[in-house]
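Participant: Taking the hints into account, I'd like the entire structure generated from these sequences.
Letter by letter, the sequence shown follows residues 2 to 101 of the working numbering.
No lab work stands behind these hints, which were simulated from the structure alone.
The C-beta atom is built at its ideal place from N, Cα and C for all residues, glycine as well.
Incorrect hints may appear among the rest.
[Claimed, not checked] Label-pair distances were calculated between CB atoms; the ranges are: (1) Glu56 - Asp86: 38 to 48 Å; (2) Leu80 - His52: 21 to 31 Å; (3) Pro57 - Arg85: 30 to 40 Å; (4) Tyr84 - Ser55: 17 to 27 Å.
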Amino acid sequence: MAQNRFPEHLIRLKQQQIRTFNRLALRPATGTAELRSELTRLFCLIGSHTHWQSEPLTGRARSDLHHQAVTAPGGEPELVVEYRDGKFTVRAPAPRRLTS
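Facilitator: Rendered as structure tokens:
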């Protein structure tokens, strides 16, 4: 994947969407209407971004954007979703280790 494939503004929108989704997943019983509304707003902003006029909005492009948003400064890793004993659990991932 090429560096800086996506505009910084689009990456920041995706990072905000990931953080909003994480908050909703970790606390599904509180503030769901507001968080869901914010997710919808961010989804629409990302989908209608001018970047997609020059590059098709494919599943691969969405995946690449997500990866770049998570690995860029200020990005957050996805939540860990586990299925045990017939139930899904969601938790924050372990903190990243700094490499030298």
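Participant: I want to verify a distance hint. Is the separation of the beta carbons of Pro57 and Arg85 within 30 to 40 Å?
Facilitator: The hinted range 30 to 40 Å holds for Pro57 and Arg85, with Cβ atoms some 39 Å apart.
Participant: Do the beta carbons of Glu56 and Asp86 sit within 38 to 48 Å of each other?
Facilitator: holds (43 Å)
Participant: Using the C-beta atoms of Leu80 and His52, is the stated range 21 to 31 Å upheld?
Facilitator: holds (26 Å)
Participant: Lying within 17 to 27 Å: is that true of the beta-carbon distance Tyr84 to Ser55?
Facilitator: Distance hint for Tyr84, Ser55 is violated at roughly 40 Å.
The structure does not agree with numbered hint 4 stated previously, though it agrees with all others.
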